[in-house]
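These protein sequence lines are chains A and B, in that order. Letter 181 of the first sequence, counting from 1, is numbered 181 in my numbering, and no numbers are missing. Letter 130 of the second sequence, counting from 1, is numbered 130 in my numbering, and no numbers are missing.
To be clear, the hints were calculated from the coordinates, so they are not data collected in a lab. One thing to keep in mind: the hints can contain errors.
Unchecked claim - Heads up, incomplete: computed chain B residues facing chain A, CB under 8 Å, no partners named:
no.: 1; residue: 64
no.: 2; residue: 94
no.: 3; residue: 98
no.: 4; residue: 104
Unchecked claim - Stretches of chain A that chain B covers, calculated by requiring three or more beta carbons in the stretch to come under 8 Å of a beta carbon on chain B:
no.: 5; segment: 99 to 113
no.: 6; segment: 173 to 184
Quantities reported herein were computed from a predicted structural model and do not represent experimental measurements. Glycine included, every Cβ here is placed at the ideal spot set by N, Cα and C.
Number of protein chains: 2
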Amino acid sequence: MTLKVFADRMSQPCRAVILFCKLNRIDFEEVNIDLFKRQHLSPEFAEINPLKQVPAIVDGRFRLFESHAILIYLACAFPGVADHWYPADLSKQAKIHSVLDWHHLNLRYGAMTYVINTTLGPALGRPANPEAAAKAKKKLDSSLSTIESVWLKGSGKFLLGSYQPSIADLSLVCEIMQLEVLDEKDRATILSPYKKVQQWIEDTKTSTQPHFDDVNGILFRAKAKFQKQRENEKTKGISNATLHSKM
Amino acid sequence: MTLKVFADRMSQPCRAVILFCKLNRIDFEEVNIDLFKRQHLSPEFAEINPLKQVPAIVDGRFRLFESHAILIYLACAFPGVADHWYPADLSKQAKIHSVLDWHHLNLRYGAMTYVINTTLGPALGRPANPEAAAKAKKKLDSSLSTIESVWLKGSGKFLLGSYQPSIADLSLVCEIMQLEVLDEKDRATILSPYKKVQQWIEDTKTSTQPHFDDVNGILFRAKAKFQKQRENEKTKGISNATLHSKM
Chain A
1 MTLKVFADRM
11 SQPCRAVILF
21 CKLNRIDFEE
31 VNIDLFKRQH
41 LSPEFAEINP
51 LKQVPAIVDG
61 RFRLFESHAI
71 LIYLACAFPG
81 VADHWYPADL
91 SKQAKIHSVL
101 DWHHLNLRYG
111 AMTYVINTTL
121 GPALGRPANP
131 EAAAKAKKKL
141 DSSLSTIESV
151 WLKGSGKFLL
161 GSYQPSIADL
171 SLVCEIMQLE
181 VLDEKDRATI
191 LSPYKKVQQW
201 IEDTKTSTQP
211 HFDDVNGILF
221 RAKAKFQKQR
231 ENEKTKGISN
241 ATLHSKM
Chain B
1 MTLKVFADRM
11 SQPCRAVILF
21 CKLNRIDFEE
31 VNIDLFKRQH
41 LSPEFAEINP
51 LKQVPAIVDG
61 RFRLFESHAI
71 LIYLACAFPG
81 VADHWYPADL
91 SKQAKIHSVL
101 DWHHLNLRYG
111 AMTYVINTTL
121 GPALGRPANP
131 EAAAKAKKKL
141 DSSLSTIESV
151 WLKGSGKFLL
161 GSYQPSIADL
171 SLVCEIMQLE
181 VLDEKDRATI
191 LSPYKKVQQW
201 IEDTKTSTQP
211 HFDDVNGILF
221 RAKAKFQKQR
231 ENEKTKGISN
241 ATLHSKM
């Protein structure tokens with residue numbers, strides 16, 4: 001029975017899992033669970049993942065959720081996955097766990113909360129929350145600074161000084177890619193102080209093509225759509241202001 | 001060279017690591033890093049963990065931080081650790097990773113943020129933050145509800161329906177134990193709807209004695225101290241009110 005991956009590519013951990021499968025030629029069926037249509041809240045999906053979140057996988061009778069747990073499981077359970085993704089060496093594995101554990105309450109929390117409160121929330125009709133966004137931005141900044149100065153220390157191009165990418169590179173780069181949906185000036189300003197982070201994102205992209213662009217393509221389509229929405233609202237704002245000034 | 005564990009027992013992930021070492025008779029030296037005295041911010045400790053957080057370990061030339069990564073490493077690197085703590089079986093391992101990954105942005109975030117904004121912050125001279133505490137309480141409640149209905153589903157006494165505890169039980173129970181420093185009525189109210197959670201805490205305590213009480217003893221001393229502080233402030237408040245009413 002083919003591995004099933006329940007995912008919405010608008011979700012960063014989903015993209016990491018899909019990218020991993022494609023890079024390692026793991027045969028899988030991608031089952032789209034549309035978050036905007038709230039399909040993750042359906043009783044059918046709750047049978048797959050009672051936490052009602054994507055990604056989730058079904059491998060035969062085995063069900064699993066949480067993207068890091070999934071990435072580790074896939075790297076161990078499927079033959080032919082190159083060692084660098086999740087090395088058999090205990091110390092190297094431990095360091096990858098360390099980055100992945102750190103990720104949740106740092107880069108993940110900061111980036112996700114910032115994107116939701118500035119962009120995705122308003123796109124779903126909820127008001128932006130500048131106070132929550134400002135708090136999240138601090139965490140996002142400190143996380144990027146930690147990646148720059150701690151996780152990218154060493155001679156290799158990738159996290160933990162490695163010469164080839166691991167599942168940690170996939171998880172963290174997919175998270176940072178979510179910033180593509182922001183206003184482009186804002187995104188550039190956020191990343192601009194972190195030269196090593198920028199180079200690492202490029203290196204991870206390059207080493208995972210053509211799948212990287214395929215899996216992340218949805219973000220650029222969303223970016224264009226949100227940009228148009230913002231411009232429309234700006235125009236509407238200017239029209240209203242003109243109208244008021246004429247009244 | 002003996003394993004060194006850099007820790008402050010007031011920190012819940014530190015307690016999980018120390019408890020694991022004691023339960024598995026791992027020979028280790030506990031190096032106290034006093035968080036209240038800000039010893040984790042010293043340049044010496046930054047050499048051990050550049051993220052300036054506890055717990056951290058040094059095993060020979062190998063340095064590691066993040067408690068879940070440490071627990072997995074210890075379970076694999078030290079001989080004689082019983083299989084149930086971190087099973088060799090891939091599916092069981094994956095499920096444990098799933099609980100541990102979930103933990104960070106749910107129980108950990110909720111419990112830690114609630115305790116800091118109601119109790120530990122004020123104990124350190126910072127004002128309580130009722131708004132942040134209320135938000136954290138929601139996350140704490142939903143996390144306890146998930147433990148009750150999802151992670152404790154199954155026939156065994158422990159997480160994932162297991163008959164013996166794993167590193168996930170240690171991590172999550174040590175987090176919930178942090179609630180001991182709250183006002184006792186508040187703590188009881190938070191836990192009261194979750195009967196299975198309460199029983200699971202008791203079962204985890206029982207199965208890890210006498211080390212559980214030894215490692216968590218610091219919390220009960222802190223609880224008594226914070227309770228006294230609260231009573232003093234209350235008395236001061238009443239005296240002030242009496243003084244004002246007489247003016």
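Item to complete: Tell me, in ascending order, the numbers of any earlier hints that this structure violates.
Response: 6
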